[in-house]
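Two independent chains are provided; combine them into the complex using the hints.
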Amino acid sequence: MDPKQQKVAEVWERETAIVEGVDISGPWNRMFGQRVIWDYTPNLIEEIAQLPGGESFAWCYQCGKCVPVCPVDLVGDYGPRKLYRRAQTGISLLDSPDLWLCTTCANCLRVCPKQVDMIQIMPAAREQALLTGRPVPAELQEALENTAKYGNPLGQPARKREAWVKDAGIPVPILHQIQRPVEWLWWVECYPSYHPRGIDASIALARIFHALGLDFAILGREEKCAGDSQRLAGERGLFEMLAEENIRTLSKYTFQHIVVTDPHALNAFRKHYPKLGGQYDVWHYTTLLARELPKLQPLLTKPLPYRVTFHDPCYLGRHNGEYDAPRQLIQALPGIEFVEMLRCRENSYCCGGGGGGMWLDSFAAGHQRRRLSEERVLEAVSTGADTLVVCCPYEVSRFEDAAKSTGVEGRLRVRDIAELLAEAMGLIGEGAA
Amino acid sequence: MTIVVVMEQVPDVAEELAIAPSGTDLDRDAISYVVNEYDEHALEEALLLAETSGDEVVAIGIDATGELDQALYTALAKGAQRAIKLTGDFEGTWLSTRTAARLLAPVIEELAPRLVLVGVQAPDDLDGQLAPTLAALLGWPHASVVVGSELVNGMVRVRKELWGGITMLLELALPAVLGIQAARQAPRYVPVSRVRQVMREASIEVRDVEVTSDLAPVPVRLRFPEETGQAELLTGSASEIADRLIELLRARGLL
Ligand code: SF4
Ligand code: SF4
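So the sequence lines, in the order shown, correspond to chains A and B.
Going by the numbering used here, the first residue of the first sequence is number 1, and it counts up by one from there.
Going by the numbering used here, the first residue of the second sequence is number 434, and it counts up by one from there.
Chain B on its own, in the form it takes in the complex (with noise of 0.2 Å):
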């Protein structure tokens, strides 16, 4: 039986940012890329899972960077059996998690898996789409800020995190498809020599897909946040500072 991880890359936000001349996009060559960090716990999620039951544990992305080749070794080395990626003419573009969900769901659908995880959340989608939408467009049960979960007599039971450190058990039917805030325990750590072996002896399936048009939102316009305001460092011993600080209070009105 097979469990789908989905793995995407998004820019890098260590590294500096910078905006497209359009506007309405990040300057793609100027920008470094990473995987999503949720995608890491998605993937460990699946691995940990499939260590109990035996399933065959494929790794999914769509290649929108040109780069995920890197990301999908990666996967393999730390003990996905299949790797495959989505390529198209969007190669350097944006895609609305929308998008992206539609161009996903035949692919797994084809692969017939039991599971699907996916990150609960990524940079370009923050309000969390992906997982609820896949299992939309594909007819099956979702749950998503998944912290821990398990294959118990023919369904998923799963850890849901509500508010408050509050948690939930759900018990979903498989098919199903979860977004996963942490896995079980930190991503593991896989030697570079291990995905150099990878690289040279294991192979990533490569499927061409289509974007169609669809009711996406369209970006208008990216900006930075503005700086506001800056904090002052008050210097000088105890008792100018005390004395700033009240004629600081004292000017708001607030002593």
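Only chain A is shown next, with the shape it has when bound in the complex (with noise of 0.2 Å):
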């Protein structure tokens, strides 16, 4: 520090000031001071801003357009602009709570004027975290230890990952058993694989593509987890073994287009796997369902007497562009009702799965007055509708739990859109062929 300046912050630190007559003794006389500014070091803001990606921790200037939109702030206390302030009042975040809340949903960046940017710095901040040592969330530590040794987060056996196909009541071909070529790779996922509910939207899912007479097969047992999401939880190294894996497994089989089901995996094939290696043409099932609406639309015919709300998966609208395709396909719904949430499209609001945020419900819990999926839910009773729409795998069953957990259960039912085509193409539900 410049020592002239160490003179000015001792003159006007006084026991006791008074300016203009006015005794203004106290703490807060420091704010006429410089010293206000001395006292702060930037080192807990460089601590962030020299790991590659980041740097954009130190652009802030404080403008505070990121907390209003923030959606963790929303039900806590969050927003970039708080953690630079706290990063330069004695708080490093690599040692806070903070570190683990933000669900990298991108909505701050959307309004930042200074591109500081949380998708970049959040997972190089996790990274180093865990390069130093520094305790895991316990739930997170879990998910990151199955998803290396089982290639999913919720530790299921590889070989039961095709298991649900034995359900789907049609064929689903299967890459390793069928050896030739595909137009169209589906990759499943994880919680489409395993969970129950997301099972549910597969077969959905896997009928319609059948109804249509697409060229599909999956990789079944041979697909690992994209790995987006533990990647944004800080592990990268994780990230780039999952994504070599399944770049060799791509490798050994002839396809023209991969449709995912998850958002994070699009998001994971369009962003991040080119980088290693891995370029492919892919596709969110929403976008390709409603490229064949002229051929869906004819087999529509089970009107669905339902008022519906979409909920915009962060990875499909803000990171990957997508706010159309879902929209469509539920207009094309005949007998539904469809109503916009408050915060819809760019503006949407999270369901707190994103970023890893999947893993650390319980810990967020701890720190927020409500969970992320239960403000949504919330929001989307609001609406007065009765049918939450969805296409994200980590949404149908955060928003059932959190509809349980809020008490609007038998007022409101989540679907995955896939879903909801399948019901009025009798292919699903009542009647069902």
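These are calculated hints, taken from the structure and not from any lab test.
Predicted model, so just to flag it, every value in this text is computed and none were measured.
Cβ coordinates follow ideal geometry from the N, Cα and C atoms, glycine included.
Check before you lean on any hint, since a few could be wrong.
Under the rule of at most 20 Å between Cα atoms (straight-line distance), these lysine to aspartate or glutamate pairs were calculated in the DMTMM-like manner [stated by the list, open to error]:
| id | chain 1 | residue 1 | chain 2 | residue 2 |
| --- | --- | --- | --- | --- |
| 1 | A | Lys149 | B | Glu448 |
| 2 | A | Lys149 | B | Asp522 |
| 3 | A | Lys149 | B | Glu594 |
| 4 | A | Lys149 | B | Glu643 |
| 5 | A | Lys149 | B | Glu489 |
| 6 | A | Lys160 | B | Asp458 |
A few chain B residues facing chain A, derived, Cβ under 7 Å [to be verified]:
| id | residue |
| --- | --- |
| 7 | Tyr622 |
| 8 | Pro624 |
| 9 | Ser626 |
Printed below as a string of structure tokens:
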């Protein structure tokens, strides 16, 4: 520090301060001096900004635009501006619970004039915390260990990944069995392969693909988690390991495009697999089905008397720019009344599952008034909707749990778009063939 | 000074197990392996001890699966300084605890550690014989079911679980062998990037060892537990369920 400045600081920090006859003695009199700046070291900001990916943390100029759009702030006390301010006043992000609360939803980045980018900052800071041996919340540790061991965060055996197929009621070709080129390789992902409600949507989607006569196949037991959320939770090494294995597996087969159930997989394939040598033409299933609407529309014969609203997944909407395809599909459903929630499209709320949040619910509960998913189901109910439509596999279980815990269970059903389409096609539900 | 941790890989019971056609062993090609959970705790306890004492931690294991490297690299990534694997023509077979102890003892002796930590038991050593057998072969004191340890004044002070939540505090002269039930804290997480870095930079020392005939029991037959009885779920209204319950209890002469 410049000794002259030090002097200034000394002069300004007075025990008794009288300004224009008013006694303003007290710690707040420092507000009038330069000392308030020199009090703080930039070290804890630098600690994050010097990490590859963490640079933009230092660009924040405290305008505060990010805080009101941050979904975590709505139920807690959060947002990039606050993290910066805390680092400035001596709280290291690496040692703070704040490190694990960001869902990387990207809503702050949308409004930030300085491009402070939590999508880069968070994985960098979390990786640093992991590498320096700082403790990891237990449920996240378990999900990461499961992913490393079994290729999925649920800790399910790899060979069971294709077990859902036998309940599909239609043939679901598996590449290691059929050994022929296909047009669409369907990347099913973990929750749609193992979680009971995820499997419901997978079966619905398989039947839709089948009804459309799509030439598709899945990888089954050879597929491993695409790894995007683990990467955002700070496990870049695990992500790279999974990506290398997946790229190797994909190189064994011939296909033209990949269709994914999971927007997180979409994000990984679009933005991160190419850097590791995996270049694919990747589609989210809603985009593919919207393109197939001319063929799909005549098959949607059963009216569904529901009032529905739609939750934009962060990794489909804000991260990958797809807002319209899901809406086109919903609007194609006969008998449906569609209402938007106040927070929709670019400003959509977050279910809390992204960026590792899927495995941090109990941890986050200690720092939030209510879960993000609970906040969201209450918003859905407030529109008068009886059905919350989703198209990300994290969401069905998250929102169903949230509907239970907020007591709106009987008033709100949660359905994947694929489930509603299949229902309108008579492929699932009452009277299904 | 040195602390040795013994790491063993065991069949992963989360996956489906299969019995080999011989009927005396698991089908080693059809199963996958994980590090014995208690060995993870032994490693954690060793690392915690070493953090205060500055000892060198050496992870050692018998490579009966051909896949032990992964476990040893992980131990190195977590903070062990050296890793040694014992190889021999036993790969793909099951070694009795007694045989394993005989293979490990001379290598451990040569390392002259002041402490040896092993998991208190393993799925193939439910009676927890590895720690006491090693201690007997080495002629060192031993304590098992250890849930915490501390090096003080040239001794090791350990907390050992007895029963019903009762624990006892013991002091053992060094060198000593401990069977670890639980480390003081949950085993630490090591990111995959650290493990991958270690795999590029560190190396595992390999020792060829030979199995000598032993008094170990020989497996005659291995089998899955037979399914016994099936639960019946009663459905219907509360009074229907109650009626059915009474009927069932009467049929068994309990009412
Ligand atoms: S919007 Fe950007 S610059 Fe403004 S306070 Fe938030 S992070 Fe800082
Ligand atoms: S990415 Fe989302 S959760 Fe994270 S700080 Fe920004 S707005 Fe909040």
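A quick look at each hint next to the structure:
| no. | hint | result |
| --- | --- | --- |
| 1 | A:Lys149 with B:Glu448 | 11 Å, holds |
| 2 | A:Lys149 with B:Asp522 | 27 Å, violated |
| 3 | A:Lys149 with B:Glu594 | 31 Å, violated |
| 4 | A:Lys149 with B:Glu643 | 31 Å, violated |
| 5 | A:Lys149 with B:Glu489 | 28 Å, violated |
| 6 | A:Lys160 with B:Asp458 | 24 Å, violated |
| 7 | Tyr622 | 5 Å, holds |
| 8 | Pro624 | 4 Å, holds |
| 9 | Ser626 | 3 Å, holds |
Violated hints, in rising order: 2, 3, 4, 5 and 6; the structure is consistent with all others.
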